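One letter stands for each residue in the lines below.
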Amino acid sequence: MNFAMQNSSFLSHLRRYLFSFLLIAFITVLFFALRDVLDTTLVALLYLLPLGVITAYWGLGPGITSALITFLTFNYFFIEPYYTFTVHQPIDIVILVVFLIVAVVISQLVGRAQAGLAAATAREREDTQLYKLSTDLTGLHDDHAIAKILAKQVRAVAESEYVELNVAGTQPFAYRLPEIDPPTRPSELIVPIEAARGVLGEIRLWRAAPAISSSEKQLFQTFASQGALALERAWLAQAESRAQVLEESDHLKSAILSSVSHELRTPLSTIKAAASSLRGREVGWDSPARVELIAAIDDEADHLNMLVGNLLDMSRIESGALKPKREWNILPEIVGSVLARMKHLAEEHQIEVDVPENLPLVPADYVQMEQVFTNLVSNSLKYAPARTVIRIRARVEDESIHVEVSNQGPQVPSEHLERIFDKFYRITAAERVTGTGLGLSICKGIIEAHGGRIWAENVHDGLAFNFTLPLTWDGAKPPQLPMDTEAE
Amino acid sequence: MSNAPHILVIDDEPQILRAMRTILTEKQFRVTTASRGEEGLTLAATAEPDLVILDLGLPDMDGVEVCTRLREWTQVPIIVLSVRDTERDKVAALDQGADDYLTKPFGIEELLARVRVALRHSASRKGVQGAQSKVVMAGPITIDLAWHIVKRGDEEVKLTGTEYKLLAYLAANHGRVLTHQSILTNVWGPADADHTEYLRVYMRQLRKKLEADPQRPQYILTEPGIGYRFIADE
Chain A
12 MNFAMQNSSF
22 LSHLRRYLFS
32 FLLIAFITVL
42 FFALRDVLDT
52 TLVALLYLLP
62 LGVITAYWGL
72 GPGITSALIT
82 FLTFNYFFIE
92 PYYTFTVHQP
102 IDIVILVVFL
112 IVAVVISQLV
122 GRAQAGLAAA
132 TAREREDTQL
142 YKLSTDLTGL
152 HDDHAIAKIL
162 AKQVRAVAES
172 EYVELNVAGT
182 QPFAYRLPEI
192 DPPTRPSELI
202 VPIEAARGVL
212 GEIRLWRAAP
222 AISSSEKQLF
232 QTFASQGALA
242 LERAWLAQAE
252 SRAQVLEESD
262 HLKSAILSSV
272 SHELRTPLST
282 IKAAASSLRG
292 REVGWDSPAR
302 VELIAAIDDE
312 ADHLNMLVGN
322 LLDMSRIESG
332 ALKPKREWNI
342 LPEIVGSVLA
352 RMKHLAEEHQ
362 IEVDVPENLP
372 LVPADYVQME
382 QVFTNLVSNS
392 LKYAPARTVI
402 RIRARVEDES
412 IHVEVSNQGP
422 QVPSEHLERI
432 FDKFYRITAA
442 ERVTGTGLGL
452 SICKGIIEAH
462 GGRIWAENVH
472 DGLAFNFTLP
482 LTWDGAKPPQ
492 LPMDTEAE
Chain B
153 MSNAPHILVI
163 DDEPQILRAM
173 RTILTEKQFR
183 VTTASRGEEG
193 LTLAATAEPD
203 LVILDLGLPD
213 MDGVEVCTRL
223 REWTQVPIIV
233 LSVRDTERDK
243 VAALDQGADD
253 YLTKPFGIEE
263 LLARVRVALR
273 HSASRKGVQG
283 AQSKVVMAGP
293 ITIDLAWHIV
303 KRGDEEVKLT
313 GTEYKLLAYL
323 AANHGRVLTH
333 QSILTNVWGP
343 ADADHTEYLR
353 VYMRQLRKKL
363 EADPQRPQYI
373 LTEPGIGYRF
383 IADE
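These protein sequence lines are chains A and B, in that order. The numbering of the first sequence is my numbering, which starts it at 12 and goes up by one. The numbering of the second sequence is my numbering, which starts it at 153 and goes up by one.
Since the hints were derived computationally from the structure, they do not count as laboratory data. Computed from a predicted structure; not experimentally measured. Yeah, the Cβ is synthetic: ideal placement off N, Cα and C, and Gly gets one too. Just so you know, not all the hints are guaranteed correct.
As the list claims (entries may be wrong) - Quick list of the computed label-pair ranges, beta carbon to beta carbon:
id : chain 1 : residue 1 : chain 2 : residue 2 : range
1  : A       : S280      : B       : P257      : 45 to 51 Å
2  : A       : S260      : B       : A275      : 48 to 54 Å
3  : B       : R173      : A       : A351      : 43 to 49 Å
4  : A       : E303      : B       : G305      : 54 to 60 Å
5  : B       : K303      : A       : R398      : 39 to 45 Å
6  : A       : H355      : B       : K303      : 29 to 35 Å
7  : B       : E165      : A       : A248      : 24 to 30 Å
8  : B       : R173      : A       : T181      : 35 to 41 Å
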């Protein structure tokens, strides 16, 4: 409490006395008017009423003062001889004493009730605060968020000028509220955040006045243990998810190993066979087989390179190292360059492109988006029969671009539609189609790293891959470009 | 044989050195090899190569740094080799003065084409200004850099000022990769070096005016993640 508050409490004190006097004055005037009707003893009895009210509402001080004043007014106005303060009979003394006793007893009773009420209110407030803290802390799995909530609550409840929360653990940190340097003087209170495993940190509290009471200390200790529980829970959850990630990446590694041995060996066998037969004398210098073999080596080397690239991409996506290098790009240009590069692969299919020239610029990584289109188109080429149509269509929808790559290949049972984006997932037996089974999951990784969504759906004559790309980049809309004003 | 172009190959993988030596010697180049950065820098000074082929992943120092240190004293053309997905390094090396790049694994025609372009540019840099070709031809496209005239077949193509500046910069460096940053700095100015979107849009306009199929350009090629390359007739 500060000076201003003391001042205002002094004022309210004064007001209580004032009200007491006014009440007594009012009652006295009332009784005085009825003096001829009322019996003196009755007046004395009735005077107890305002006395009781005053003591009950405004405390002992005004009560006793009022008792004295009441005795005086009673004596002056209602006991003969009127208008004198002379005390004639011992009965008057008795009345005075009764007045005083009534005031004291009532104030004691009321005081006790009030203290009990105050304690109950305080307990209730603490309970509410604790409840609020524990609900705020539930479900938090981030130690920084926990520290923030705890510090906020402590500061709010303590009405302290500064709170610092030091959290130990694998990555110790301090959370300060407000976020400035702490006061130069030592903190007024340090509460350890203790759990079964030991001390997890501490709460430091700066509050010069009023001094921190022992009940407050106890409250903050309870706060600290709530915080300790939450921290322990968060760290346990983190450890668990780390273990889960490790386990998953272990699965991935063994899957990669088995896939690698199968997939990489195929092109390697071709290269080895072709190169060794060229080196030996089996193939004549002018034989057309020679050209064929050399082409096979070249093609299979490219294929091998693509497989290795896919594995690299996947491991990058897995480790979270795939960070799109976003730039404002023209989608039709990306599609065009992919199709130009895939021309010789797509000779048996017809590719229809419906990507409007006037699409807004998309904030995307050019190379990664090329990869997405390459993988989606090559997946379609792989599964859709020859002489069918592959369609690429892009439209603006709300704040994003929606791209659809559809083919007239076999449909996918609806229960598999989501799983085809999983690593190494295939519907057909691995022997029938080549590839690492990573193409679609790489697309998924890239699109999600861009903040988009990818999904597959069956359409009436085949399968469609869909993805969306947000058109805003950190809230920025596609730029309008400064154009030449010169004549075209 | 002694005035055949001399190529210094800096790469730490013996198989690559072996292959490069075999292939380049076969193509009548003189070849010197180094397997470490420091060794390469020394050889670049003593052996006076006409061209340096530099792998970016060296054991003793960063390839980009080799590039920077070479550029402190020589304008010898540098072609950097790198593995896939290290666009950042490639761009850094190019912005540090490397002339071109190749991604491993690469075809030998690609390598030879890059070498030819790099040697030609270095020759025209060394030669008298007049020796530089003032007219660049690319299929049906003729770009007269002296008279600022661009023709497609017999018809003159009307270009805006920025479009022409952009095309002229590409054509003057035909065959070479040009990074986004170098194009933006040279055509728009250093203040606009980050505005890749200008490039995207202006390139699209140029392609519309010059290419037969703007979606599948033959002359103004995109180098994904790096920049652009203008392909002219040799």
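Taking the hints in turn, this is what the structure says about them:
no.: 1; hint: S280(A) - P257(B): 45 to 51 Å; verdict: violated, 18 Å
no.: 2; hint: S260(A) - A275(B): 48 to 54 Å; verdict: holds, 53 Å
no.: 3; hint: R173(B) - A351(A): 43 to 49 Å; verdict: violated, 34 Å
no.: 4; hint: E303(A) - G305(B): 54 to 60 Å; verdict: violated, 40 Å
no.: 5; hint: K303(B) - R398(A): 39 to 45 Å; verdict: holds, 41 Å
no.: 6; hint: H355(A) - K303(B): 29 to 35 Å; verdict: holds, 32 Å
no.: 7; hint: E165(B) - A248(A): 24 to 30 Å; verdict: violated, 46 Å
no.: 8; hint: R173(B) - T181(A): 35 to 41 Å; verdict: violated, 52 Å
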